[in-house]
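Visitor: Starting from the structure of chain A, add chain B where the hints point.
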Amino acid sequence: MVQSAQYFFRLVAILLATFGAATFVWSFGHHEQPAVKAAVKDATERKTAPDFDLKDASGKVVHLSDFKGKIVLLDFWATWCGPCNIEIPWFTEFQRKYKDRGFEVLGVSMDDDGWKAVNPFVKEKKINYRILLGNDQTGDLYGGVEALPTTFVIDRDGKIASVHVGLSGKNEFEAAIEKLLDSGPGNNIEARKKNGGA
Amino acid sequence: MKNLWTIPLLAAALGAQMAPTLTVAPLPTVKVAKGKTATVTVKASLPEGYHANSNKPTYPYLIPLTLKWTGGPLQMESVVYPAGVTERYGFQLPTDKPLSVVTGEFSIVTKFKVPADAPSGPAAQTGMLKYQACDNKACYPPKNVPINVTVSVE
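Chains A and B are the protein sequences, given in the same order.
Under the working numbering, the residue at position 32 of the first sequence is numbered 32, and the numbers go up by one with no gaps.
Under the working numbering, the residue at position 97 of the second sequence is numbered 1097, and the numbers go up by one with no gaps.
One chain only, chain A, in its complex shape:
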C-alpha cells in the first residue's frame, strides 16, 4: 500500500515536472509573438533592459540608465526602413503628448552611414526626440535586433514591459504607454498587489 502511494506520488511529480518543462519551453517559443499581440507584461515578469552608451547627434554619450524613473520607448530603426517611417510620426506625437508625464522616446538608428544619413532625415521628418547611433553590439544586447523597426517599451524601473517587432499599431503603443503612465512612479502596483501590498 505504502509502495503504491509512493509510486502514485512519484508519477504525479513526474507529470507535473513534464508539464512545467513543456510550459517553460512553450513560453520561450511564444514569449513575444509579432507585434500585433504584444501586450504589457505583468511587472513581475519583466526583464531588465540592458544598459548601453551611445552617442547622440551632438556627440554626447547617452546611457539608457540616464532615464531610470521615466517610461522609455526605445525604437531601433533605420532611414531605409519603410515600416519605421510609418511609426516615426507616432513617436513624435507621443513625445509631445507624454513628455511632461515622465516619458521619453529614444530612437536608435542602425544606419551604417551614420549621421550623414540620419541628420537630414531627422530634420526632414521633424523628429522631436533624441536619436542615438546604434551598432551591432547594441542590437546584440537586445537579443540580436534584425527586423526593423523593433521597439521596446521600458517601465520606470528600467524593465521591458513590451516588445514590438515589425510595424505595430499606434494604439498598441499608446495603450502600453498609458498603462505604464497610469501605474505611476515606482511602477510596481501589480507586483505590490501580488505580494499582498497596497
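Hint data in this document are derived by calculation from the structure and do not stem from the laboratory.
Fair warning: this is a prediction, and the values are worked out from it, not measured in the lab.
Check the hints yourself; a few may be wrong.
Think about it this way: if two alpha-carbon atoms lie no more than 30 Å apart in a straight line, the pair counts; the simulated DSSO-like pairs of lysine-lysine are [stated by the list, open to error]: (1) A:Lys97 with A:Lys159; (2) A:Lys125 with B:Lys1130; (3) A:Lys125 with B:Lys1056; (4) B:Lys1056 with A:Lys116.
Guide: Chain B in isolation, oriented as in the chain A frame:
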C-alpha cells in the same frame, strides 16, 4: 554583466522575425577567348513573402540592389538588372508611391570584355551582390553576398 541573462530571453522574443537569405545559384565556369566578350548571369532568389529594392528604388533613401565586380581578369562593360515590379505594401501610407522591388527569382546579367592580354588559364572573377530586403511589416539590414565565377581564358 548582470544583464547577460536577458540576452537569450530577448533573442527568443525576437526570433519570430529573422532576416531572409538571398540564394545565389552556383555559377558555371565561363570559357572566354581573348579580345572577345563574355556574359555572366547571376541567378538569385528571395524566399516567398520578402522583397528587395530594385536597382532603381522608388525613393532615394532606399538601398538599391547592386552587383559590383571587384576583381578578376575580365573588364566589366555593363550590368543589366531585373526591371523592378511596382508593389504596394501594408507598411506604406496611402499617399506613398508603390515601391520598385524584386521578388522570387531574378537574374542580373553582366557583360564583360576579355582583354587581349588577359592571362591564359583559369582565374576567379569576384564580385559582391548587395541587397536590402523587407517583408510586409519589417525591413532587414543590407547584406552582401560574395559572387565568385571561374573564368577560363583561352
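Visitor: Look at each hint and say if it fits the structure.
Guide: Hints, verified against the model:
1. A:Lys97 with A:Lys159: This hinted pair holds, its Cα atoms lying about 22 Å apart.
2. A:Lys125 with B:Lys1130: Within the cut-off at roughly 27 Å; holds.
3. A:Lys125 with B:Lys1056: holds (23 Å)
4. B:Lys1056 with A:Lys116: Given pair B:Lys1056, A:Lys116 holds - Cα atoms ~21 Å apart, limit 30 Å.
Of the hints listed earlier, there is not a single one the structure fails to meet.
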